[in-house]
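Participant: These protein sequences, in sequence, are chains A and B.
For the first sequence, position 44 (counting from the first letter as 1) is numbered 43 according to numbering that gives the first Met the number 0, and the numbering increases by one without interruption.
For the second sequence, position 69 (counting from the first letter as 1) is numbered 68 according to numbering that gives the first Met the number 0, and the numbering increases by one without interruption.
Simulated from the structure, these hints should not be mistaken for laboratory data.
Each residue gets a CB set at the ideal place from its N, CA and C atoms; glycine is no exception.
What you were told as hints is all true, and nothing was included just to trick you.
Here are the computed distance ranges between Cβ atoms for each label pair:
id, chain 1, residue 1, chain 2, residue 2, range
1, A, 45, B, 118, 22 to 30 Å
2, A, 136, B, 174, 17 to 25 Å
3, A, 106, B, 143, 19 to 27 Å
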Amino acid sequence: MNFIKSFIYPALILSSVGYSTTLTLEAESDGQQLSNKRQKFVSRQELLINHLPLQIEALRALQGTFQANIDTQREQNPLEAFKAACSLANLQTLIASTQDVLNCIQAEDPTRISIGIGAAPAIKQGIDQLIGHLDTAGIDCYSLKRLAEDFQKITRDIPNPDFPVD
Amino acid sequence: MKFFASLWLVAFALFNNIYSAGTPCFTYEVFDHINVPGVGPALTNSAITNYPYDQIRLNHGVVLAGATPVQVRLGRFTTIPPASWDVDMPFVGPPPPMNLANINLMIARRLAHGVVIAPALLANLAAANAAGVITPALTSSLRAGGYLNNTSDILNRLTLGVFPPGTILGVLPAFIPDSIIVHVALPQRASKNLNELSHSSLATAVPGGLTLKDRINAPYALLGGAMPNSATIVSSSQLQ
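Produce the entire structure from the sequences given, and follow the hints as far as they go.
Facilitator: Structure, rendered in structure tokens:
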């Protein structure tokens, strides 16, 4: 009996303390992971809310280039004015898409937020295509390129799997 | 009296589908043709034909076959004789697979402009986004909504796509066209339910618009000129 009191009981107590400590640490670790995940999700939403208006601003600045072409060529060279209008319309589509995605991300409905964040890689793809086209055409787009690097960091780990082909 | 009543019913049945979504301003027709290698396609059916005869005459001889799904043709029909078509093929071969981000963008664009989307589709899309994978439920919802068929895919890419500066839908114009035909030639089955093509969007004030017609009209609107006479032709080996 003395043996049980002096050895087994303390051993049981110590082991239970150790077990509970382990559980507590694991629970804290899980809580930390959840908190990190939540923080990551929130911060991506916030990052996009901060970044997309800058993107729209840079695209609008480019609009000015094409609008100036329309204004100067309208009378002298209608075909060149038409081509500038095509370029401007192209930019307007991308701006409108970016604005729509921003509106979704700024909504209070979690479904819309999720759709907005999920659409961000498609906007990034459009921006990259535009930069490629502008480079080929010899049109300066430095600010768009600089922003594209930040955009890449924000969107790089948003999952974007392909749908199976029919 | 009975005769007039039945005539009215027939007329109502014919026109209601066409005009139900707003003022029609995008003419289209659907051909059912059989692609035989080395032989011209046989036209067996045309659903709606309501654009000028010159366009039809020029277009009918050039129904595409094989793996060239899209042609954009720019023409000028207000001058006589008509200018020849500029032909371009922005997509060669079947369209690349649709991805989750493109679907999200398509839905975001429609949501932002008040287009009603099935709640189940929205819920399935949010669930797929959260999981980072394409779920069978999402695929099923999108198929039911017609978002995953090739015609829809091509139209989405044309409507939301980014094209090189100075081009209209990827075609560099040699003149200001007054007629534009987008020809989607699919070697597989295509849906007859293509009313989306025949109407401009409800959100005409939105830059860029929502439909292919909006996209075509945009540069003309910026210049303040007349809108082009445009058409989308979808031809396929089999209609469903």
